[in-house]
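Colleague: Keeping their order, the protein sequence lines are chains V and Y.
Under the working numbering, the first residue of the first sequence carries the number 15, and numbering increases by one thereafter.
Under the working numbering, the first residue of the second sequence carries the number 15, and numbering increases by one thereafter.
Calculated from the structure, these hints are not laboratory results.
Please note that the accuracy of each hint is not assured.
If several chains are the same, the list does not tell them apart, and a pair holds so long as it fits within one copy or across any two.
Unchecked claim - Cut-off 30 Å, straight-line C-alpha distance, at most; resulting in silico cross-link-like pairs (DSSO-like, lysine-lysine):
#	residue 1	residue 2
1	K63	K206
2	K57	K93
3	K200	K93
4	K130	K200
5	K267	K206
6	K93	K130
There are 2 protein chains.
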Amino acid sequence: MRIIIDAMGGDLAPREPILGAIMARNEFGCNVTLVGQEETIRKILEQDKIQLPPGIDIVNASEVIEICDDPSTAWRRKKDSSISVGLRMLRDGEGDAFISAGSTGALLAAGTMIVKRIPGVRRAAVAPIVPTGAGGAVLIDAGANSECTPEYMCQFALMGSFYAQRVLGRENPKVGLVNIGAEPSKGNELYKLVNSMLTEAGNAGHLNFVGNMEPVQLASEDACDVIVADGFTGNILLKTMEGTASFIVHALKGLFTTNAKTKMGYLMVKGSMGKFKKLLDSRETGGTALLGLRKPVFKAHGSSDAYAICRAVGKAAEFVNANLIEAIEENVSRLQLSQEEQ
Amino acid sequence: MRIIIDAMGGDLAPREPILGAIMARNEFGCNVTLVGQEETIRKILEQDKIQLPPGIDIVNASEVIEICDDPSTAWRRKKDSSISVGLRMLRDGEGDAFISAGSTGALLAAGTMIVKRIPGVRRAAVAPIVPTGAGGAVLIDAGANSECTPEYMCQFALMGSFYAQRVLGRENPKVGLVNIGAEPSKGNELYKLVNSMLTEAGNAGHLNFVGNMEPVQLASEDACDVIVADGFTGNILLKTMEGTASFIVHALKGLFTTNAKTKMGYLMVKGSMGKFKKLLDSRETGGTALLGLRKPVFKAHGSSDAYAICRAVGKAAEFVNANLIEAIEENVSRLQLSQEEQ
């Protein structure tokens with residue numbers, strides 16, 4: 015297996031993606047191609063006195079997509095950018111998955127135009143795994159499409175269901191529609207319609223639709239395996255989880271430093287804090303799949319360090335081994351629901 | 015001051031609303047009217063061997079709005095329900111504020127039809143105070159209106175701004191529009207339009223619009239004072255905060271019971287945990303204001319116990335003293351933005 019990594023994407027590029035590639039090569043044994051400005055990459059290797067191990071090679075890409083570039087057109091205007099070059103390699107079979115910590119918008123636009131969508135899939139979606147009381151769920155879409163039709167969302171549900179089954183190993187994944195109440199009549203017009211379409215898809219045996227889910231249920235041990243949302247709502251949900259977690263961690267720090275007694279108490283629980291921190295650490299997730307494309311494309315967090323990049327490589331390798339895209343391709347007819355909206 | 019309490023609303027009614035009324039009478043010294051089935055109320059007082067203190071009276075209402083009643087019409091079909099009777103008393107000046115732990119939908123519909131909206135205000139909104147790194151913010155709308163026009167949302171912004179100023183004591187409240195990115199071009203069509211309208215309202219000096227806010231900023235010490243959202247998105251945000259907090263508290267419990275050492279550690283931090291728990295306790299918020307009505311109407315959490323009802327009375331009293339409704343009434347012309355949508 016060969017994983018292509020965008021060496022120029024993210025706040026800590028190119029050093030951390032380079033170090034992450036080496037870490038992943040050691041940990042997972044897969045081959046890695048670093049795509050980016052070769053001269054810059056070699057300079058860093060020299061500075062850090064690192065010999066690139068066998069199994070890792072560098073492919074030059076002279077341009078870098080910057081934060082100021084229009085994400086929807088950057089891939090076309092910067093044909094020799096690391097994202098464009100890496101995705102063309104992926105398309106042409108010179109690697110099995112592509113990972114970038116660069117702009118989500120640029121990666122999504124470039125992925126859709128270069129790698130292309132699976133035939134029949136209307137829109138690609140961002141599908142992170144979010145922590146839940148049931149050991150995590152696929153949230154789809156978490157931000158790729160701020161305007162969605164009911165059909166897009168039904169396709170997200172089906173792609174997410176395959177993902178939960180093949181990658182998370184959930185046997186008959188419970189698919190829930192995020193909403194403001196349990197009853198099918200809850201929510202705005204879009205959500206009412208999606209609820210009825212997913213109910214129909216569930217009755218037809220295409221997926222295991224369990225109805226609306228309110229986000230208070232995230233903590234439940236019965237939380238569903240797939241959380242379906244339009245990209246606007248899904249992104250708000252994801253970022254609210256991050257914001258709330260960060261608020262609580264901050265409050266906890268205050269608590270543990272109240273006085274000498276609490277400080278000593280902290281020393282006694284500190285060892286177990288690692289597991290707790292891991293639950294909330296975005297670096298652990300590593301990479302978020304863009305579902306709906308013909309090849310595996312992963313977005314790593316913009317602030318990814320070497321460890322996060324390495325974790326993303328692990329996720330990408332799992333994804334490749336799960337033959338998820340083949341499963342979606344084979345079942346694409348199920349995605350064409352009878353009540354089509356567009 | 016006299017606060018009218020729905021004795022029949024909520025999961026723990028009527029016992030907890032009754033006990034909450036007594037607690038509030040002792041704590042805040044205000045008069046309280048309990049509205050509900052007098053016989054049932056008296057039976058509970060007898061069972062608990064409680065003498066109703068002076069300053070609390072009972073007004074009989076023979077009917078109860080149940081969870082199965084259609085919230086939009088319940089107030090009309092059950093004219094002698096505690097919600098309908100209590101709101102008529104409020105309308106007629108027989109009390110200064112009304113509190114119910116019953117159905118939000120029924121309270122909102124009844125409030126709008128009986129108490130009526132402030133002239134010029136298009137829709138009433140649910141406006142809880144949510145915890146933030148800056149000591150809390152008004153979230154408006156948190157669920158009253160699943161479909162919103164841009165004009166509704168601009169009015170929410172202005173009402174929320176007055177609320178933050180008069181009740182939370184923020185001098186020049188920072189108003190943020192919840193969104194999936196900081197740039198004005200982010201989000202769906204509704205949010206792009208609201209951003210431009212709020213920018214205009216800000217430039218005209220009607221409020222202090224600070225632009226889009228992503229929910230990751232909730233933890234920040236610079237978090238805004240007012241978070242504007244459509245009711246669907248606002249409710250998802252609110253419930254995601256609750257779900258995430260509950261998930262983390264659960265994980266913490268697991269952490270503290272890992273082994274003898276962590277259990278001992280917990281004993282040492284336990285004393286300071288009170289403050290932390292308070293941050294996350296929905297009982298502390300007590301009541302959520304329904305903004306936009308001619309009189310103060312408060313929704314208490316469905317699971318409110320006596321303490322939560324008592325806290326809601328405190329919030330309602332603050333609200334009455336802040337003359338917020340007068341402020342909205344006087345400035346209602348500001349709510350009529352030039353770019354009206356409906």
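Colleague: Please sort K130 with K200 into within, between, both or neither, judging by C-alpha distance up to 30 Å.
Modeller: between (35 Å within a copy, 24 Å between copies)
Colleague: Within a copy, between copies, both or neither: where do K267 and K206 come within 30 Å Cα-Cα?
Modeller: neither (42 Å within a copy, 37 Å between copies)
Colleague: Within, between, both or neither: how does the pair K93, K130 come out at a Cα-Cα threshold of 30 Å?
Modeller: within (16 Å within a copy, 60 Å between copies)
Colleague: How do K57 and K93 come out at 30 Å by Cα distance, when the copy is not named: within, between, both, or neither?
Modeller: Result: close within a single copy only, 24 Å intra versus 80 Å inter.
Colleague: Please work out whether the CA atoms of K63 and K206 approach to 30 Å or closer within one copy, between two copies, in both situations, or in neither?
Modeller: Answer is neither; intra-copy 59 Å and inter-copy 49 Å both fail.
Colleague: Please work out whether the CA atoms of K200 and K93 approach to 30 Å or closer within one copy, between two copies, in both situations, or in neither?
Modeller: The answer is between: 25 Å across copies meets 30 Å, while 46 Å in one copy does not.
Hints 1 and 5 from the earlier list are contradicted by this structure; the remaining hints agree with it.
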